[in-house]
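Q: These are the residues of each chain, in order.
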Amino acid sequence: MAEENNDVITKLVVTSSDSVLPIDAAMKVYESSTDIVIKETCFGTMVTGPREAVNKVVKEIVDLDKNHIFVKERGFPPGDDRRCRASRGGGSRPGFYFLKEEAMMLPMIGKALDKYDEHVPLKEIEHKKKLGVKDLQDIVESSL
Amino acid sequence: MNEDAVVKVALVSCGSEYAGVHGELTSVAESVNAKLVYPEIEIDILDDIGKDFGIEAASPDLCLMMARAKAVVEGLSDVDGVFITSCFRCAEAAIVRNEIRRYINKHSDLPVISYSFTERTTAATLLTRMEALTTIARRRHLLAREKQSGLTAGIDSGSTTTKAVIMRDNEIIGSGWVPTIKVIDSATEAFNQALEEAGVKQEDIQAIGTTGYGRFLIGKHFGAKLIQEEITVNSKGAVYLADTQKGHATVIDIGGMDNKAISVDDGIPGMFTMGGICAGASGRFLDMTAKRLGVDITELGALAVKGMEQNVDMNSYCIVFGIQSLVNSLAKGSTPEDVAAAACHSVVEQIFEQQLQEVDVKEPLILVGGSSLIEGVPKALGELLKINVLVPPNSHLIGAVGSALLASGYVEE
Amino acid sequence: MAKVIIYPTNSLILSDLVQRFGHTPLAMMEKIKEKVTTVGVDSPPMNITAEEPKHGLKYAAVEVPAGVRGRMAIVGPMIEEAEAGIIVGESPMAFGCMGCARTNELTKYLIRSREMPLLELEFPKDDDEGQEFVYRIAEFLKSLDEVKGESEEATE
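Residue numbers (our numbering), protein chains in the order written: chain A, 70 to 213; chain B, 6 to 418; chain C, 822 to 977.
Think of the hints as simulated: they come from the structure by calculation, not from any bench. C-beta atoms are modelled at their ideal positions from N, C-alpha and C, and glycine is treated no differently. A portion of the hints provided could be inaccurate.
[What the hints assert, rightly or not] Pair ranges (Cβ atoms, derived):
| no. | chain 1 | residue 1 | chain 2 | residue 2 | range |
| --- | --- | --- | --- | --- | --- |
| 1 | A | Glu100 | B | Leu132 | 51 to 57 Å |
| 2 | A | Asp183 | B | Asp114 | 56 to 62 Å |
| 3 | B | Asp271 | C | Ser934 | 20 to 26 Å |
| 4 | B | Gly55 | A | Cys111 | 24 to 30 Å |
This is chain A alone, in the form it adopts within the complex:
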């Protein structure tokens, strides 16, 4: 039992693609192995199964649009009683909010990955510095 468990992993696949929809990712899984279970959620598709089979199918999904599909491993298997809001009395999973925030950044990350692949030179960004005391004094004096 323990060995079997160790071999089973869950990966979360989050798509932020114009060309690939979560359903396409799901279809890819259905086409592949029978050992794999998937669950679609608000922010991505959870793929659970033996490690090698999961890695293989996740790679196939990512290859559909590699710079716009993101992957991370997940600790709990999908629908685990210990984390499921239905059985643990409501409240979203602790990881949900941060995942949502990160998901909102993915289009930005995807664009940057495209540029990196195309060797677009990095723009110089001027990072704002704190206003100097002298400058602040000038502003105060000018508004008197």
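Chains B and C: place on chain A using the hints.
A: Just chains B and C now, with coordinates in the frame of chain A:
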């Protein structure tokens, strides 16, 4: 609410899952037929919760606690009570936990417990607290009872002494008070004393209520109709004896082994805390002081009121080292009066520092439990808090009176 | 291939980028998986028992809250295992394993105290910052290959 219904307790917590105590929280809830629920929140409110609630906590899980507290108050989450808990020794969490407790108490009539855990916290430690929380939710109608009726008995099987009273038509007609040695034997003795004084027979008693550490054992032995933890029973008993059943009150019960501080509204506990880690804050400390002074415990209070605690240097609240300080003071020439006063002050000060921060002290302040009879104790407490301390008649019988009063709810049923 | 500890320890973006550029992310998710699939321990939700805060004493004293020590029992060994690190600041709120500010301070400190390649930057707020974010992480991860390659050569 139905007596058999599952009580929904909102868990507003930080750190419990990582401290290894989460399983204990779940199991104590199950043992009193309660279920812990995690209040649903609107996820967007998290962005501004620091400013909305008012505490810009650095720890996100504390922000989540504030959001969940808001959800409870605004009724987004349908619950019967709230358990607020965070890691012991975390200053940031202590600030948030206290303010959330006040916030929920102010904006709802839900009972609230606040507790800080260590990895050593077990379900057994939490049982009385959780039992009280569910009782307040489940037996509100019973706790609303203001008068005793019929012929009932209450037995309080405490860690140090066992108390029993017989009540008839809202009057105490007999009482018994014995040291707890063997739980059932001591309860029988106290009960018999009370029956004899009342001039009634056990079979005439219409309902028995039990409370205190031994409540389950003696409850079963005597066929009690009501077996109830001491937080709800004692707060009921206190406001009944002090005749302050309406409005706010604060009840402090200094017991032989632990203390309770309970904030009461209309006779029903709203917030409460229980201490039981340190014997230095219990009646046992006073008992040991009396022994070292060579006086009976009943004489300690009279000595204390004549003494000045400032004349004695005490550098520890500890029952071992603190008593040692008192002995040293005697050797240096302090008077027994000063030492007795210092002992009373020490117990009261520790209760103030460790427990009264967890409830809002509102007048009247009712002091109960055996230690309230030691006159130096209410005096020291009054001086420390700068308010009048009310010690009602029969204050040591509080648990027994509360039990007899509440048990009479089963006479008419 | 280097083992790279990421901070925030549960970040999708960082875990993905480390993997994408050919390294192994050391992230919380895998450790939680180890915990929750441990057979014979029944301490829901995460199978963290009173033992973890005790193991956490390796990283923080007994006066440090149990929740910090329990988290450190999981994150501490990850830091020890790491060969490089990426710390990203200005993070959106993250709960659970990242929910305690004190734990997070200690985690970052311990990562910084390791003598290993470390990249520190902030979460991007717009496309230009996003580009810089990805480029810097990509270059850092590529440089790890070189460093590793060199050290492997040196030992040969």
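Q: Indicate, hint by hint, whether the structure satisfies it.
A: Taking the hints in turn, this is what the structure says about them:
Between Glu100(A) and Leu132(B) the beta carbon distance is about 55 Å. The supplied range of 51 to 57 Å therefore holds. Between Asp183(A) and Asp114(B), the C-beta spacing of about 57 Å keeps the proposed range 56 to 62 Å intact. At roughly 57 Å, the beta carbons of Asp271(B) and Ser934(C) sit outside the given window of 20 to 26 Å. For the hinted restraint 24 to 30 Å between Gly55(B) and Cys111(A), the CB-CB distance of approximately 25 Å keeps it satisfied.
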